[in-house]
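J.: Sequence:
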Amino acid sequence: MTDHSATRSMFDPALVRPAIADSFRKLTPRTQFRNPVMFCVYVGSILTTILWVAALAGQAEAPAGFILAVTLWLWFTVLFANFAEALAEGRSKAQAASLRSAKKDVMAKKLNEPHPKSPIRIMTATDLRRGDVVLVETGDVIPADGEVIEGVASVDESAITGESAPVIRESGGDFSSVTGGTRVLSDWIVVRVTANPGEAFLDRMIAMVEGAKRQKTPNEIALTILLVALTIVMLLATATLLPFSMFSVEAAHLAAGHVVTITALVALLVCLIPTTIGGLLSAIGVAGMSRMMQANVIATSGRAVEAAGDVDVLLLDKTGTITLGNRQASLFVPAPGVTEEMLADAAQLSSLADETPEGRSIVVLAKQRFNIRQRDMAALHPVFLAFSAQTRMSGVDLSPKGTSSGASSSGTSSGAPPKGASSGAAPGREIRKGAADAVKHYVEAHGGRYPQEVSNAVAEVARRGSTPLVVAEQLDGVARVLGVIELKDVVKGGIKERFAELRKMGIKTVMVTGDNRLTAAAIAAEAGVDDFLAEATPEAKLATIRAHQAEGRLVAMTGDGTNDAPALAQADVAVAMNTGTQAAKEAGNMVDLDSNPTKLIEIVEIGKQMLMTRGSLTTFSIANDVAKYFAIIPAAFATTYPALNALNVMHLATPASAIMSAVIFNALIIVMLIPLALKGVRYRPLGAAVLLRRNLLVYGLGGIIVPFIGIKLIDMVLAAFGWV
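Numbering-wise, the sequence shown is residues -2 to 721 according to this note's numbering.
These are calculated hints, taken from the structure and not from any lab test. For every residue, glycine included, the Cβ atom is placed at its ideal position computed from N, Cα and C. Heads up, some of the hints might be wrong.
Simulated restraints, written as ranges between beta carbons of each label pair [stated by the list, open to error]:
| id | residue 1 | residue 2 | range |
| --- | --- | --- | --- |
| 1 | P60 | F244 | 20 to 26 Å |
| 2 | N642 | V40 | 29 to 35 Å |
| 3 | M120 | V361 | 50 to 56 Å |
| 4 | R372 | S151 | 52 to 58 Å |
| 5 | G136 | R27 | 47 to 53 Å |
Dumping the calculated DSS-like pairs for lysine-lysine here, alpha-carbon to alpha-carbon at most 25 Å [what the hints assert, rightly or not]:
| id | residue 1 | residue 2 |
| --- | --- | --- |
| 6 | K676 | K501 |
| 7 | K493 | K505 |
| 8 | K493 | K364 |
| 9 | K489 | K505 |
| 10 | K501 | K489 |
Turn these sequences into a full structure, and let the hints guide you.
T.: Structure below.
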């Protein structure tokens, strides 16, 4: 994995220093106005600064030192919020920097016609436009995003994916998409450019990772509206306290100095509005996209990450996601009159030259079951026959006495006896394995009988969702069936438990496969998915997504082919594989650089973690206002309303100390919560009701208790040093 996805230390000096500088750059009114909650703190800081200057000029409403202390901590509150956002953006910018290093100013070999022998014009990659055709040869850097229209080549995509292993790109199919900035290692390809300069995949990745085009998500906007409403309520309530205080002092004939000061009111307002979540909200959103990038997934927007957290239906491909994708031999079912060991011996012999995963698994299963190994193949003079689409069989011809039984090594032997075989040939043995109907034809063509018990075994294996291979042998011109090998598409270990966790979270899993309904049902039951879509076509996938969306559900799916593009465009969270076609990548709102279909589950977890973090910190922010209320209200108004002294449950030293302690805690708590905002609340696969209870217990109750402790400790420190 490249540096762009590597995990940096949260407070790496290389990130902290630019973030501190950015914290001061963000002090412009235009920048602050984007965050209404912190804009109130910003205005309050300016107001108390003016009051401090006035106090120095002799027009003091409170001691100049007290006003200065409050002013400094209000500015610190704004700076700490800026720092949280700048630090989150800094981590993303560091990731983008490594992506930008993959961009190179390369030369392109533009073709006049889409053919490698067409005249070539050398030009810079920045001059290429959509629709241009270029030739890329061994050692060349692919100049722009495009589709391979001719040729096949090995491509190094490590600059994008971090994977050192090269991949094959060829014209046609689902592996024709190439990305600008990657390098051709061997052979050549002709590429049709699909993106103009500045619109390439790498450009979009950099812009998204940097957050330059980050827009607030719907939930973030809704939460901002709530926070603004709370701020307005607190602002109006605080604004009315000054005339009430003046009236009370006048009515009670108290000294004018007992009227609540504007500095105290500003401190009260800042402590009562939800500054904690207001200061961290943007950082949480940026960090969510950053965590997605660390998982090697590029999200086109914060909306996509948020939608991943709200998803309640997952469409998952069977092959490669739920199953390993390579069928493995799991069982030998002998025919009547044949022992299992005899079947295993013949099956292994026919598979010794079979380099497919299925063939290797047959050899391994025979070794494990019957310890069949260390054969003297030279004495058998084997001639192996590769699988062909015409015969739908493979196998081996054995001639122990060194005389060919008449089979050709070309692999064309089929059902009929070989022509031209000498009548005096030494006795040989033919072993064949393949599809049931092909082997049946072979056996009957050689005078053998295909038992009904074998047909029943084939049907039973298919009913279980596995693939049956029938094994037969021919000896002395007569063929017989030896039995059936069950090839099982093995369900990934632990996947059933993952689906159970998703079910607890209220997420429905739907397996999508091209298998028939019988096979699909068997694998779905073993994997533990909630539903399945068998014999899936692009139209069926699209219809399934729309049906779930019509029920008010959010749907996520993965895809890599052009035929997946309509469904990806319809899905709420659409993860396109980086190895897929350009059409799939453009239709999706996320791109998995690792091209791992299982990543969809991790994407959902990252999205839910972002939502959990935002909800937890919002709960904590609103809850800790309760403790600050008990600190400031008695301090600010006890002289006007002596009965309010009963609310001083923390027994803070002085009114000035109480106000200062609350303001200092209000600023420091933002810094203390930055690691949680960036790292995220620990994800647990629990239901919504359970999560709500935990949230209220940990962050609701904790949000009430922690400020009581923190404010009291700060008050004790201030009193001990005589700073109030």
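J.: Each hint should be assessed against the structure and marked as holding or not.
T.: To see whether the hints hold, each was checked on the structure:
1. At roughly 25 Å, the beta-carbon separation of P60 and F244 lies within the given 20 to 26 Å, and the hint holds.
2. Range check, N642 to V40: Cβ separation about 31 Å, and the 29 to 35 Å hint holds.
3. The hinted window of 50 to 56 Å between M120 and V361 holds, with their beta carbons roughly 54 Å apart.
4. The hinted window of 52 to 58 Å between R372 and S151 is violated, with their beta carbons roughly 36 Å apart.
5. A hinted range of 47 to 53 Å holds for the C-beta pair G136 and R27, which are about 49 Å apart.
6. Restraint check: the Cα-Cα separation between K676 and K501 comes to about 24 Å, which is no more than 25 Å; the hinted pair holds.
7. Distance check on the hinted pair: K493 and K505 sit about 13 Å apart at the alpha-carbon level, within 25 Å; holds.
8. For the suggested pair K493 and K364, the alpha carbons sit about 29 Å apart, so the restraint of at most 25 Å is broken.
9. Annotation: proposed proximity of K489 to K505 holds, straight-line Cα distance about 19 Å (limit 25 Å).
10. Only pairs whose Cα atoms come within 25 Å are accepted, and K501 paired with K489 is accepted, the gap being roughly 20 Å.
Hints 4, 8 from the earlier list are contradicted by this structure; the remaining hints agree with it.
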